[in-house]
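Chains as they are written, first to last, in this note's numbering: chain R, 20 to 356; chain X, 20 to 356; chain C, 20 to 356; chain S, 20 to 356.
Treat the hints with care, since some could be wrong.
The list makes no distinction among identical chains, and a pair is therefore deemed to hold if it is satisfied within one copy or across any two copies.
Derived DSBU-like pairs: lysine-lysine, alpha-carbon spacing no greater than 30 Å straight-line [as the list claims (entries may be wrong)]:
#, residue 1, residue 2
1, K324, K80
2, K137, K339
3, K137, K214
4, K113, K295
5, K89, K295
6, K346, K195
7, K221, K80
8, K346, K295
9, K112, K137
10, K25, K346
11, K339, K25
12, K343, K113
13, K324, K39
14, K126, K96
15, K175, K39
16, K324, K214
17, K278, K295
18, K343, K25
19, K214, K175
20, K295, K80
21, K113, K80
22, K221, K113
23, K25, K137
24, K175, K96
25, K39, K339
Worth flagging that the hints you see were computed from the coordinates, not collected in a lab.
4 protein chains.
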Amino acid sequence: MIIVMKPGSSREEIDHVVKKVEGVGLKAVLLHGTERNVIACLGDKRDIAQDFWNALPGVEKAMPILSPYKMASREVKPTNTEVLLGKFPFGAKKIGVIAGPCAVENKNQLISIAQRVKEAGAVALRGGAFKPRTNPYAFQGLMEEGLEYLAEAREKTGLPVVTEVLSPEHVQMVAKYADVLQIGTRNMGNFVLLKAVGEQPKPVILKRGMSATLEEFLLAAEYILSRGNTNVLLCERGIRTFENHTRFTLSLSAVPQLKQFTHLPIIVDPSHGTGKSSLVNPMSKGAVAVGADGLLIEVHIDPEKALIDGAQTLSTEEFKRLMKELKPLAQAVGRDV
Amino acid sequence: MIIVMKPGSSREEIDHVVKKVEGVGLKAVLLHGTERNVIACLGDKRDIAQDFWNALPGVEKAMPILSPYKMASREVKPTNTEVLLGKFPFGAKKIGVIAGPCAVENKNQLISIAQRVKEAGAVALRGGAFKPRTNPYAFQGLMEEGLEYLAEAREKTGLPVVTEVLSPEHVQMVAKYADVLQIGTRNMGNFVLLKAVGEQPKPVILKRGMSATLEEFLLAAEYILSRGNTNVLLCERGIRTFENHTRFTLSLSAVPQLKQFTHLPIIVDPSHGTGKSSLVNPMSKGAVAVGADGLLIEVHIDPEKALIDGAQTLSTEEFKRLMKELKPLAQAVGRDV
Amino acid sequence: MIIVMKPGSSREEIDHVVKKVEGVGLKAVLLHGTERNVIACLGDKRDIAQDFWNALPGVEKAMPILSPYKMASREVKPTNTEVLLGKFPFGAKKIGVIAGPCAVENKNQLISIAQRVKEAGAVALRGGAFKPRTNPYAFQGLMEEGLEYLAEAREKTGLPVVTEVLSPEHVQMVAKYADVLQIGTRNMGNFVLLKAVGEQPKPVILKRGMSATLEEFLLAAEYILSRGNTNVLLCERGIRTFENHTRFTLSLSAVPQLKQFTHLPIIVDPSHGTGKSSLVNPMSKGAVAVGADGLLIEVHIDPEKALIDGAQTLSTEEFKRLMKELKPLAQAVGRDV
Amino acid sequence: MIIVMKPGSSREEIDHVVKKVEGVGLKAVLLHGTERNVIACLGDKRDIAQDFWNALPGVEKAMPILSPYKMASREVKPTNTEVLLGKFPFGAKKIGVIAGPCAVENKNQLISIAQRVKEAGAVALRGGAFKPRTNPYAFQGLMEEGLEYLAEAREKTGLPVVTEVLSPEHVQMVAKYADVLQIGTRNMGNFVLLKAVGEQPKPVILKRGMSATLEEFLLAAEYILSRGNTNVLLCERGIRTFENHTRFTLSLSAVPQLKQFTHLPIIVDPSHGTGKSSLVNPMSKGAVAVGADGLLIEVHIDPEKALIDGAQTLSTEEFKRLMKELKPLAQAVGRDV
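Okay, chain R solo, but in the shape it has when bound (with noise of 0.2 Å):
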């Protein structure tokens, strides 16, 4: 922590900081310079927020210079992290792909698609049973039919299966049913619910919210893995900005830049991150020559009769094609699919 003191403050108002500083284990050294005096806090206390340090008298501001995530850090554990979905290690040489519709809507419809994803290649099937709906009078989601429903699609198909869990009180009946959480990007915020999956042992898909930057994202992740739970994956989902061509704005540049800041494989998701499914197939490209280690792409029979987000959904089809297009450029990145 460097704590740079107003143009003009007192003496007092200096000793003061110091008293502060070296009061919570610091070691304070004082350095007057021609237009700031400046005081360098030496020592670890991430858990002491910055703006503690702002709010005393005479500060004109505190830069800290530790990341405040420890676990998720790639300082303190410089290996990649491997986290198996079924059998399948996301963060090793071959990219992941995870396939299927934005809802569960009906068995037979599930299933299909499950089984079209696997003949492409996906190696996990993602499919909302809980829906996390803008608008109140929106479909829901089948809830604890669709769970049912994920896991006969898995008996039938052998892919793990991928749901998104809302609420902390369901976290327990989604992880009866499902082999892998996705805590959504507007749940990137909600601890309660963080810490829950952070109890117990499936693996965590977690969506970046959309206006978190990576250190807030980083810190998410800390939540999970500091209650134990370290099968966490990073997903990528765009963010809002003022660009209005798409939903959101897919940011690649924080692939390559997670990478360099954690040791957690990053998955990207280019179906939200877009919201057009004409630009899903470039993006996926994109996330794969960027490094990404995975891929969540929303997937439907008929797109056209996709009861949510069927304008940014690929059909069978498509979904196959872009499988087949993607391997080469695995291969020219050093990876596979």
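Position chains X, C and S against the provided structure of chain R, taking the given hints into account.
Positioned in the frame of chain R, the structure of chains X, C and S alone reads:
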């Protein structure tokens, strides 16, 4: 709904869309333009996602005409709604100020802050017992113990008590102690929680999500209203932008715009909206000038000792001065404080 | 400047950075932390880009301590600067309102608007002769003819005249007719133009770039000041964010924050900042309440007939009412209008 | 254009709008909906601002159907445009890489960088002689001297030379030396400059404004095209968002989206788009994977000694490696490099 067909869309595609439109009970009017064919859909079907139409072959874009919220809309209810916090009606002539510490830290501190903000003119006490912290290692609040202190502060001062609820399973417990439930910015899209507070009768302060459009904000309110609880106050608390001189950008234009869209009372939180105590005074004045019905302000006896958010917290002295300065301003816009 | 070294940076890398620091005339103080080595650089070298240091091997990040602007800074000049527009001092107790049509359209219309805004209390007339239009096929302004009409309107009313200059080669011509030169939001980063207006003596209204931080805004002002022209007014006019209820998000917190950073007068443009005439009245009040020194407002006799920006333009009647309503508000914050 | 009337708009207001619509030569079709009246305007009048309609009494909103650009539109010209830089066609099968230092610093350095990037496979040399610097005290480029060195580097290597032009009065001078004129992000809205480069024949690289929508970007291109110069390359270079791990957010989805909207070639600048040399390699690959026609990359023999932007600059070694790695990637998407 206006559906714009792509240039060169076929007769079959147009017929297909028209059939779909009529299939959901809307009337389709086909307009042959010089460069585009357009299908105007007459009738009110707000619950069909725009996205559904975008997925149909040949469609360039679907443009909704009606807002998707109803109960929150001023079209449905033209007169202002007044929401009582204790005996004070928000949404009427007088502007109500809610004040208190970010977090409840101990009983004596809380009561003494409560007494001072009451003397200065606050009409309700705020204080967090459950704190949503970005950092998992930071202080998470006193929880039920904090709620007890809040209830005690109410006994001592008569001020109704506002506190945040983080999770559906806490709603009952929090509602037992508090007079008003607050939904924080990170939970505006936590629809399970919105439903839960919509199913109990105490008033709710709903904070705008930091990346929510006004339509999304009003749809979140609609979740609560549609479950039967019509005592909702909307709170603008800053949005996430590229600006870095404040923690968030407090969007004061949201206040008069929301006043046009909705009958619900609107309050403003200049403490979180700026993150800097030196900006709380001017931005409180700005909020009153643009037509806010209330303010939500962080106050502490000793901001430097606040466990959370000290940098944005007013001292009780500063708060007293602010309340005095707000009065002529409120009167200048035909209100009072 | 604080330079944070990467974890595990070598002795050689540290020595290399220290040598570079000393090479530019700064004093380097090396601090060995538990997790990072930090080099504090003492002295004032604002002209060396932070980027230079970031490029050195072993450096994790360089954090500047001093703002890069000087002449615009309140540290360098603590007292408010007053800038005269005609005889009216902006930056003093009275708030000045500049009003007029977006574009000069014809002589009679301009003169009649000028007379009415003067009667209502405006202290200067605005009107565009050169219009920066997003659409190349849209009306681009009357150019020199428009400037002549502005000069004539000044003769008739005594109001000083503000108009935009788009290009360095027009500066001389525009300055011949106008009393105040305006730099638009799209030209805040047009440094050749900034230098050109800095080399002539007439006051300059510098609009904030729609994606400029306050530091970048003040550096743009510094371009003008450093060329010798100290008559600069800063104008907040809305920034680009994800919000879609307004054309831009008017960031009123920029006003009190700029007041802390700089001695220059700050004005606000609620017309462009919102894009909606129904929001101009409340946001003008908000601007006065947060401490603005002036307002820049689009007014037309018949907004419906305005060639540009009709939707955000007040009628002369609405403007008159606004001026009346602003007076008690200005007085409530210790100013006048 | 679709004009939506406010609920409760009067017969007179509707008639008034219809008359205005017909007055500009459009056909008006009035649709009586259950909750709104809507006026569909048939015909093509892109040059009338939407804003004009929004200003009419009783109008809730006007929604344009046609994009306001024409010459840049793929509807008008369905086939890809190829732009020659020297002999290399951008927009054809091969992906072209333009490389060189941010700023021209001295002759020998420039020539030696030029030789190395040519060896590595670059098809054009970039280098700034006029530098738009945020900080007025920073190095502003060698100006005409820099242009001379660029011309000399072209003589020595055969590489066509790309350099930025900052002001209309420099266009002639810069065009005398350079093969390609670059318009920087801060000048995308400098319409006088756009017209000036549109009136000369050399190809133009137009960088996207850091806060420009794709429509605004294409309208800026339209300024150039409509003046007679059809040799325009569009360059995505990052947009301003809340993200802080990169200087800007490189929006790769803009590439395939622009490909749908326009026939012009699209290139990507990963150096400015990220501001970090460690992200240039992966983001270059991402750009190729999503379909970019070219890349613009900052390369220096000794990035540490670069006077500007060292932190985002590749060494010639790193560039050589990148070029080698791009080849299989380009081939994987059916292109070459």
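Here is how each hint holds up against the structure:
In the homo-oligomer, the alpha carbons of K324 and K80 lie at most 30 Å apart only across protomers (17 Å), although the nearest pairing inside one protomer, at 55 Å, exceeds that limit. When the C-alpha separation of K137 and K339 is checked against a cutoff of 30 Å, the pair qualifies only within one copy, where the shortest distance is 10 Å, while the shortest distance between copies is 40 Å. When the C-alpha separation of K137 and K214 is checked against a cutoff of 30 Å, the pair qualifies neither within a copy, at 32 Å, nor between copies, at 37 Å. In this assembly of identical chains, K113 and K295 lie within 30 Å of each other by CA distance both inside one copy and across copies; the values are 26 Å within and 27 Å between.
Taking identical chains as interchangeable, the C-alpha atoms of K89 and K295 lie at most 30 Å apart only when they sit on different chains, with a minimum of 23 Å there against 37 Å within one chain. Taking the closest pair of Cα atoms, K346 and K195 never come within 30 Å of each other, the shortest separation being 34 Å inside a single copy and 47 Å across copies. Taking the closest pair of Cα atoms, K221 and K80 never come within 30 Å of each other, the shortest separation being 42 Å inside a single copy and 37 Å across copies. In this homomeric assembly, K346 and K295 come within 30 Å of each other (Cα to Cα) both inside a single copy, at 22 Å, and across copies, at 29 Å.
Taking the closest pair of Cα atoms, K112 and K137 come within 30 Å of each other only inside a single copy of the chain (19 Å); across copies the shortest separation is 33 Å, beyond that limit. Proximity of K25 to K346 under the C-alpha cut-off of 30 Å is found in neither arrangement, the shortest distances being 57 Å within a copy and 33 Å between copies. When the C-alpha separation of K339 and K25 is checked against a cutoff of 30 Å, the pair qualifies only between copies, where the shortest distance is 26 Å, while the shortest distance within a copy is 61 Å. Proximity of K343 to K113 under the C-alpha cut-off of 30 Å is found in both arrangements, the shortest distances being 15 Å within a copy and 22 Å between copies.
In this assembly of identical chains, K324 and K39 lie within 30 Å of each other by CA distance solely across copies; the values are 11 Å between and 63 Å within a copy. In this homomeric assembly, K126 and K96 never come within 30 Å of each other (Cα to Cα): the closest approach is 42 Å inside a single copy and 42 Å across copies. Taking CA atoms no more than 30 Å apart as the test, K175 paired with K39 passes in neither setting, with 63 Å inside one copy and 34 Å between copies. Taking identical chains as interchangeable, the C-alpha atoms of K324 and K214 lie at most 30 Å apart only when they sit on different chains, with a minimum of 28 Å there against 36 Å within one chain.
Proximity of K278 and K295 under a CA criterion of 30 Å is satisfied in both settings, with 27 Å inside one chain copy and 14 Å between copies. For a Cα distance limit of 30 Å, the shortest separation of K343 from K25 across copies, 29 Å, qualifies, whereas the shortest one inside one copy, 60 Å, does not. For the identical chains of this complex, K214 and K175 are neighbours neither inside a copy (32 Å) nor across copies (35 Å), given an alpha-carbon limit of 30 Å. Taking the shortest Cα distances, K295 and K80 sit within 30 Å of each other only across copies (11 Å), while inside one copy they are farther apart (43 Å).
Proximity of K113 and K80 under a CA criterion of 30 Å is satisfied in neither setting, with 45 Å inside one chain copy and 33 Å between copies. In this assembly of identical chains, the alpha carbons of K221 and K113 lie at most 30 Å apart only when taken from the same copy (21 Å versus 46 Å across copies). Neither within a single protomer nor between protomers do K25 and K137 lie at most 30 Å apart by alpha-carbon distance, with minima of 62 Å and 34 Å respectively. When the C-alpha separation of K175 and K96 is checked against a cutoff of 30 Å, the pair qualifies neither within a copy, at 38 Å, nor between copies, at 50 Å.
For the identical chains of this complex, K39 and K339 are inter-copy neighbours only, at 28 Å across copies versus 62 Å inside a copy, given an alpha-carbon limit of 30 Å.
Violation of the numbered hints given earlier is confined to hints 3, 6, 7, 10, 14, 15, 19, 21, 23, 24; the remaining hints are satisfied by the structure.
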